[in-house]
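A.B. asks: The listed protein sequences correspond, in order, to chains A and B. Here the first sequence stands for residues 36 to 300, numbered as in our numbering. Here the second sequence stands for residues 1347 to 1591, numbered as in our numbering.
Since the hints were derived computationally from the structure, they do not count as laboratory data. Each residue gets a CB set at the ideal place from its N, CA and C atoms; glycine is no exception. Be careful, since some hints might not be right.
So the derived label-pair ranges between C-beta atoms look like this [stated by the list, open to error]:
1) A/283 to B/1383: 48 to 56 Å
2) A/127 to B/1357: 22 to 30 Å
3) A/106 to B/1385: 31 to 39 Å
4) A/127 to B/1356: 20 to 28 Å
5) A/144 to B/1360: 37 to 45 Å
6) A/85 to B/1555: 31 to 39 Å
7) B/1360 to A/127: 17 to 25 Å
8) B/1372 to A/293: 53 to 61 Å
9) B/1568 to A/121: 45 to 53 Å
10) B/1358 to A/137: 21 to 29 Å
If you want a taste of the chain A side facing chain B, the calculated C-beta under 8 Å gives, among others [as the list claims (entries may be wrong)]:
11) 186
12) 190
13) 193
14) 195
15) 197
16) 206
17) 226
18) 227
19) 270
20) 274
Each chain, letter by letter, is given below.
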Amino acid sequence: MSDDHGLVEMQPTPGQKLAAIFKQREVRVATAWGVLVTFIFFIIGGWIYPSWMPIAMSTDMKSIERLIVIFTWISAPICGIVLGFSIYTFLHRHKGDTPPADGPAIRTNSLVVGLWVIVSSALCLVAIVYGLIEMNTASAATAEHKKNAMVVEVTGSQWAWSFNYPEQGVVSHELNLPINRPVEFRIISVDVNHSFWPVQLGVKVDANRLQTTVVDTTPNKLGTLDVKCAELCGLYHAYMETSGEVMSVADFDAWVTSHQGGHTA
Amino acid sequence: MSGNQSTMTAGKRVASAVFGVLLMVAAVGAVGFTLHKASADPQKKLFATKTSETIVIEGKSYPKATITMGVYADTAQAKEMGYNTTNKKDYVQYGPSTHIVLPAHTYVTMTIHGYDGGEKLNAPFFGKVIGTVGGTMNVDGVDVSEIPADQVQHTFTIHSLPSTNRDPLFINIPLQHVDEGDDGLLPTKDPGTNFKGHTITFSFITGGAGEYVWNCEYPCGDGTYAKFGAAMSAYGYMSGKVSVA
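Make a model of the complete structure from these sequences and hints.
C.D. replies: Below, the structure is given as structure tokens:
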């Protein structure tokens, strides 16, 4: 582009455009807020949030916990920038009766839009690829699990769970499992749909009416299990919970022996 | 705009804000109060009767208590059997209350008179007697540990949520259904009535104080899906509370 004197007006480079944006004090302050919020979310996602989560008692739960941490880290900058600018806007909002005139309209800013799209896409891509890798790892582990898996038939009914151990000949309302042995849950509902959720094992699977769903996991830590229904299923859905335990092999064998041919008392 | 006018405007603003906050608090409070009132236990509590006797179980002595309930096919049958139900719906129902109160650390003997027929349990698991002393219940004088899934009229099943502040309590009692071939006609005011029933007795030991729920696990409501509507989806009929105090 040239003016009346034939002089060529130089278009600013993307770097110059970016520098010009950041020369504005408002942008620098808002960005600083964004960095601070990002840092806070980074800390919360990496160290505080995991301490709020249930104790991981299987590799699946550990994997889910790690996935949530990484996804939180990935989303922290986006959340940080949005909240940073929101905070700046809130702190510097207009006070008084007469609002100032509107500023010049920002028609477009290809650089900012481009960066936003590229960075967001990259973050989404990382999340997708990481999720696929985790899913593939879990699938590979499932194939390995089946070789030595102990079958537990899980039945959901309004409003209680029951567990049948065909290999051991035990039926129970508590979910007791031996440590370090793969478990194959065969989940079914005999009435409405439920969702089988042994929290500490990182398993949450719909219990569909008269349809069996199979899922595997391997408990690898001793402790108490909370088993919940995660699908609204009627009047006493909130009470459709039970407990269980991941126990040593010796303790599990003793429990089986004391309940074979019957049920837990 | 004068200074005086500005002050008045600011005052109005504050008053409006305060009024708005108070209005929201009132609205939230009204909703909370309404919900609390709606969820309040509509029935009187049924207290277990403590006796002077004690029993020793596995080296530990427990005081004894008894409590009796009935389960009726409908309102007419409940009244016929002496339970003057105030339930508005003509559903199958337990009585004389669905909120029972049991003493803590006590050997409780519960008697349930069951007058209803039955079809088949959704989950055969609930045909088993669970959580009683000895793992059995007594049906018309006979000790049993299980009822076939197609011979159950209802169940009395106490749940407890996993909690570190409450002793676990899970009890399941399947009630033998009443059919045409059963003996033992019940005494009725109306000679034309042909009610028959079963008397189920069982004992269990309560832990420490806590709130539990119980419900029937037999699909005795209505609805095309699993028969868990009507009586099974309303308070005061086939489910209730258990307070251990």
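A.B. asks: Does residue 274 of chain A pass the interface check with chain B, least Cβ-Cβ distance below 8 Å?
C.D. replies: Holds: closest Cβ of chain B sits about 5 Å from residue 274 of chain A, inside 8 Å.
A.B. asks: Measuring from beta carbon to beta carbon, are residue 85 of chain A and residue 1555 of chain B in 31 to 39 Å?
C.D. replies: 35 Å, holds
A.B. asks: Report holds or violated for the interface hint on residue 206 of chain A, using the least CB-CB distance to chain B and a cut-off of 8 Å.
C.D. replies: 6 Å, holds
A.B. asks: So the hint says 21 to 29 Å: do the beta-carbon atoms of residue 1358 of chain B and residue 137 of chain A match that?
C.D. replies: Given a distance of about 28 Å, which is inside 21 to 29 Å, the answer is holds.
A.B. asks: For the hint on residue 270 of chain A, just tell me whether its beta-carbon gets within less than 8 Å of chain B.
C.D. replies: 5 Å, holds
A.B. asks: Against chain B, is residue 195 of chain A within 8 Å by beta-carbon distance?
C.D. replies: For residue 195 of chain A, the interface hint holds, since the closest Cβ of chain B sits about 6 Å away, which is under 8 Å.
A.B. asks: With a cut-off of 8 Å on the beta carbons, see whether residue 190 of chain A makes it to chain B.
C.D. replies: Holds - the Cβ of residue 190 of chain A comes within 8 Å of chain B, reaching about 6 Å at its closest.
A.B. asks: Quick check on residue 186 of chain A please, does its C-beta sit within 8 Å of some C-beta on chain B?
C.D. replies: At about 16 Å, which exceeds the 8 Å cut-off, the nearest Cβ of chain B leaves the hint on residue 186 of chain A violated.
A.B. asks: Has the hinted range 22 to 30 Å been met by the Cβ atoms of residue 127 of chain A and residue 1357 of chain B?
C.D. replies: 26 Å, holds
A.B. asks: Is the distance from the Cβ of residue 127 of chain A to the Cβ of residue 1356 of chain B consistent with 20 to 28 Å?
C.D. replies: 21 Å, holds
A.B. asks: Does residue 226 of chain A pass the interface hint, meaning its C-beta sits closer than 8 Å to a C-beta of chain B?
C.D. replies: Nearest chain B Cβ about 3 Å off; hint holds.
A.B. asks: May I ask you to test the hint 53 to 61 Å on the CB atoms belonging to residue 1372 of chain B and residue 293 of chain A?
C.D. replies: Since residue 1372 of chain B and residue 293 of chain A have Cβ atoms about 58 Å apart, the given range 53 to 61 Å holds.
Going down the numbered hints, you'll see the structure goes against just number 11.
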